[in-house]
Structure formats: C-alpha cells, structure tokens
Amino acid sequence: MNKGKHDPIFWLFLAPAIIAFLMVIIIPFLMGIFYSLTDWTSRPQPGGLQFVGLKNFIESIQDPSFLYSFLLTFVYTFINMLLINIVAFGLALLVTAKLKFKNIYRAGFFLPNLVGGLILGYIWQFIFNIVIPNLPVLSTIYPAIAEPANLMLANRNSAVMAIVIAGSWQYSGYIMMIYIAAILSVPEELFEAAKIDGASPFKKLLHITIPMTAQAFTITLFLTLVQSFKQFDVNVSLTGGGPSTQFMGKFMRGTELLALDIYNTAFTSNSLAQSQARSVLFFVVLVVISLIQVRQNKRKEIEL
Amino acid sequence: MKKILVVLVLLTALVGTAFAGGNQEGVKDSGVRPTLELLQNKPEIDAALKTYAKAWGEANGVDVVIKTVGGSVDVTVDQMLTVGYAAGDLPDVFVFPGVDDYKKWSEVILDVSDQKWVKDTAVEFVYDGKVYGFPVAVEGWGMAYNAEILKAAGVDPASLVNLSAYKAAFEKMDSMKAELGLDSVVSMAASISMSWVTAHHNFNSLLSNGLPYGDLSVVNGLLAGKVDMDRLEQYAEWVGLLFKYADQAVLTTGDYDAQVGAFASGKAVFLHQGNWADGNIEGAGATFKRAFAPHGSMNAATDGIFVAAPAYYAINKDSKVIDFAKQFLNDLVYTDDGHNYMVKEAGMIPAYSTVKLSPTSPLSQSVQKWAADGKVYSWSQYYFSEDFRNNTLGPIYNQFAGGNINETQFVAALKGAFEGLK
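If you're matching them up, the sequences are chains S and F in order.
Take 90 as the starting number for the first sequence in the numbering used here and just add one per residue.
Take 3 as the starting number for the second sequence in the numbering used here and just add one per residue.
Keep in mind the hints are simulated off the structure, nothing from the lab.
Glycine included, every Cβ here is placed at the ideal spot set by N, Cα and C.
Where hints are given, some of them may not hold.
Once the Cα atoms are required to be at most 25 Å apart in a straight line, the calculated BS3-like pairs of lysine-lysine come out as [as the list claims (entries may be wrong)]: (1) S:K339 to F:K291; (2) F:K105 to S:K144; (3) F:K291 to F:K153.
Pulled from the structure, derived: some chain S residues nowhere near chain F, Cβ distances all over 10 Å [claimed, not checked]: (4) L111; (5) V176; (6) K187; (7) P222; (8) L224; (9) N353.
Let the sequences and hints guide you as you build the complete structure.
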C-alpha cells in the first residue's frame, strides 16, 4: 500500500474500469462537445465536416420550441420532485410504523420501479384514455370525466400532470427505500426522550424525524431532480409530446420535455449537431442546478 | 522478478482479448456464405418476408438478414441509417419513402436504371432521369367506407366526390346515429403521435387532389411560399368537416388501434386510412363489405384516390454483395415464389405487370380497381421535409382538432407555415 499510485499492479487492476469509463463516458462526451461546434450530420457529407463556431448554440436559444421545452421541464421538475418526495416520505413513514405485513407493502411500493418506462407509459395511456372514462364508479359520481374534452391526455396542463402521476408512481417506491433506511437509523432514544416530554406525533416528525433524516433528503432531492430533468421514456410513450400548444406565436408540442426535444431535433429535424449543442446546454444547466441543490441541502444536515 | 512476470502475463491476456474480436471478424468475412442485410419498415410483412428470404437465401447460398423497424414504435429507417452510418455499418438494401429521404442518402444509393424490372413497373423511383428505387408495393388511401351502413343510410358511395356531397352525407348520417348504431360518422385521429394521418396523408389532399398524376404545381407553389388561398380554404373546410363528425375521444387522444377499431366494430362509417388497415380490420373480426371513396377536399368533383408506391428498396452503393442484392430484387419480380410472397403471404398490391396474382382483402382490391380505372392522384407529401410535416404542421392540425383554434385561424396558421418555407 505504501508504494501507492506508482505501483504498476495498482494501475493494471484499475485499467478495466478506467478504459471502460474513458470509452463510454469521457471520449463520447468530448466528441459531443466537438460535434456541437460543427455541422455534423452522421450522413454522407460531400463537403466534409465544417467548423461553425457557436451557431448551433445561438440557433437553439432562438428556437421557441427549445425555450418552451426548457420552461416546461422546470415546471415539470418542480411538481414532480414535490410529489415524488411527499409520496415517498409518506409511504416510508407508513411502512416503518408498527404495521402488519409491512414488508409486503415495501416490496409492493417498490415494484413499479422494476417496470420499464416505455411499457409503463403505454399502460398509463390505457388507464387515462380507456379505463378512467369507462369506470362506472367515476362516471356516475362525476359524469364530466367521460367527456372527450376532459380526458387527462386531451389538454396540455392535465397531460403534464399525467406524466407527473405516471412518473411518481414509478419512482416513489425507489425514493421510499432511501427514506426507510434513513428513518430506521434515527436513534430510538430521541423518540423516548420526546415521549417523556409529552411531544405529539406531529412534533416528533417535525423536530426529530425530518432533521435527523436531512442527509437522506440531500440524496433523494438530487436523484429526483436529475431523474425529472432527464425524463424521456414515459414522456415518449404516454403523450409523445402531445397535445399541441401555442408559444411565442408558434405551434408546437405541448408536453415535450427537454430530453424529447433533443431527441426530436436529432431524429425528426435531422439536425444532429444542433441537438448535440442542446445536450451540452442541458448538461451545463443540470450541473449548475444540482450543485446549488446539494450545497443548500448539505447545510441543513446534522452531524451526529 | 516475479512481479514483472505477473505483469507480463496480465498484459498478454489483456492484449489477447483485445485482438480476439478482430480475429473472429476475419473468420466471418472469409466464410463460405456471404450475408445480405435488408432494412425495412413494414412490421406487418416482417414474418412473411423473413420466411421468403430464408428460403431464397438457402437456394442462392446467402444468409439474408431482415431487420424491421416501424409500426407504433418510434424508430424509423432513417434513424437506423443515421446510427448505422455513424457506426460504419449500413445495410445492403434499405427502404426509403420518397424524395426528401432520397436526398439525405443519395451518396450511398446505387443507380439501378439498367435493371430488368424497370420496364415492368410504372412507379419506380426516378430522380434526374435515373432510377434509384425498387417499388416495394402499391398502396392507396381515401375514405374507407362501410358499404353496409352506407346502404342502410341510403347514401350512394359513388356520389361522394366533393365537399358538398360529403357535407350532406355526414349530416344525414349524423342525425341517424342511433338507428345505425354509430358512435360517430368518421373515424379520424389527430393526436400528436398520429401526425402521420393528418400532416402526412390528409395534407396530401391539399397537394394533389384533383390534379393530373405527378402534377407538382401546388407543391412547388407552396414550397416557394405562394399559397392558393381558394384551394387552402376549401381544404380547411374539408379538414373541419372530418374533425367535426369524428369521435372526439379518438380524434384527440386515440392511437391507430383506437381509430381502426372504431371502424372495424361498426361504430364509424368512414375510416381515414389506407389499404394497410385491412389486416387490422380483419384481425378485429370484421366481415362487412368495404371500399374506398375519394377525398372531398374541393368544391369541384375529384373522382380518384391517392395511390403510389409507399416506399422503395435502395441498394447500398458500398455493399459487398451488390450482385446478390440485385438478384434478390429481380427474383421478387420474376419468380413464382416472389409473386406468391408479395401477394399471397405479405398481402401487398404488386407494383409489377409481371405479377398476375391479386390480393384478397377488400380494401386492397378497391385500390387495385381505382388504379385499373386510372382514377388516381399522386402522393406529394414527401416533397416536404419530415421536420416540416411533424414539427410544424402536426401541432397545427392538433390545435384545430382540439378546438383551440377555429377554421379561419387554421387557414392562417397553415398559410404562415408555408410562407416560412421559402
């Protein structure tokens, strides 16, 4: 161990990991930045690759549909983070309480996370389009729900909520697991002391459980932030970007999140270089936001 | 000393694995059977094509690999080619739908003007006087109708040739919905994922309805940003008519299955789809008589439906097995097995005069009948880029279908979109 980093054996054992990391992360990442500055098409180009400077970035920022996707992604991320964390924390409190069959519930809440996002999107599409309007229980209490104009996926705002619901259903169980681990690690003495002081369950939650699990919040907020920002598969299969909307005088897809916008720029508009530029912008923004979030959360953590 | 030995052994192992891949590659290349890879986009004929290709490959000493994309999965041939080109691995034969895609891939598409089959078809893909594409089949769309319900409603399908006739017929049947057992008159889909119905197929009515086959006057006008307002307004009225008498749930949120399902179950009289829907309609157990009526997008009578080759096989210029690829396409046209595959197994309408077989499904027969009568209009939508159709036009149709904009705003939005093209 003393010889440390100069030992060839050390590097040899590290080599597979380093090579894999280089090949699939570092090199493609640098190539991506390079391509974003060119007119690359991934098609036969008689003129060869031309260097175009920041043209792709400027055109991206000027494109209303890219700006719209950016704004929509922020809104979606905010709602999604909120809902996932509230649901996940609630579920975690539930399954750490003195409850019969709590292990079965834990497994049950985790299961949706094992369903692929694309399949999940199609299942929820079926629920929103067919099951909800045809459910006798719902349509007798609230007949308007079966009106075609009131379908979840028929309006822009409710369609965004539909993605949030499907996304939360998928991801809450996973986040719940992290909260469970954190809640179980809170020392029992604290609760006993609170009991002697006569604290109500709500006070205990507010002043013991939540502060003591702050380090879990750092992780879960980070994970849900990144996951919501990168949402793609549920978006594609559930709404495909529809229904449409008007923004800055242009007609465009109303529920197209950033990842889908980047994909459509690449494969429908056939502007691969520009979609690469959008990915780079996406990356930079996401890094900045996550750094701010993690720093803010870290301050609230309690060292034991 | 011992340590160096260990390092050496590990290094050789590592280098060995790195080269192992290359060696296997070499063995495969010098193998006895070459491989012919074909990339196509019709999931409905995938099984039939694979069976035929396997038999053909065995007879000719080639391994034919068929790759299929498309259907409801959002991967297109173009995307596969883009990815393949980046990886340096293009298929030997691939499908392309029309001129916009030809231009993207013209560098790798082989000139096949000298092939025998060229004189036996009328719908080969020609660009600058040279033949580049082998037509896969002939397809057509119009307003597919349920002949039995039309008869019960007392509407003569032969009269449905213009806006006023359709308007009267739709109104009449809409008032008889209860007695005819209908949910809606028309089965139409306009959600964003169904833009290929609105912004591709329906859009073509504006481009070529009522014009001589191959007439590009409207297309060229629009591409130059010049809009014929009279034609556009009539077209918008037609779109409005279709949307108004459609089942609103299917229109705004339905997918292909929902759209075809409503027609197949007799809940709608008309279906805005092509003859490819026959398989799905039969699959749903429908046995009623059905055929195509023309689109009524104009005040003037337009007595014909839209018929063309939906896609063409192109041979990759850089392929190592060009001769096999040429032979594969020729054998489709000139052997009984090829005919049998195209018509009987895959259920396609043949694009070649050498094929004497006829498809058995009613909508395909209807397309053949219209084509035999010479009452056909061209497919011109491929002169507009996929980007324009999906990203610009699709949302406009969707807004109109959802009732967010009215007919006047729809006309203005389309006009603005075309003016942005020049």
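To see whether the hints hold, each was checked on the structure:
Between K339 of chain S and K291 of chain F the alpha-carbon distance is near 43 Å, which puts this suggested pair outside the 25 Å criterion. For a cut-off of 25 Å, the pair hint linking K105 of chain F to K144 of chain S stands: about 24 Å separates their Cα positions. For the given pair, K291 of chain F sits about 11 Å from K153 of chain F by alpha-carbon distance, which is consistent with the 25 Å threshold. Chain F leaves L111 of chain S outside its interface by the beta-carbon criterion, the shortest separation being 14 Å against a cut-off of 10 Å.
Under the 10 Å C-beta cut-off, the non-interface status given to V176 of chain S relative to chain F holds; the minimum distance is some 26 Å. Distance check for K187 of chain S against chain F: the nearest CB is about 44 Å away, which clears 10 Å, and the non-interface claim stands. Its closest Cβ contact with chain F, about 7 Å, brings P222 of chain S to no more than 10 Å, contrary to its assignment away from the interface. No beta-carbon of chain F comes within 10 Å of the beta-carbon of L224 of chain S; the shortest separation is about 14 Å.
Taking the minimum C-beta to C-beta distance to chain F, about 7 Å, the non-interface status of N353 of chain S is violated against the 10 Å cut.
Violated hints, in rising order: 1, 7 and 9; the structure is consistent with all others.
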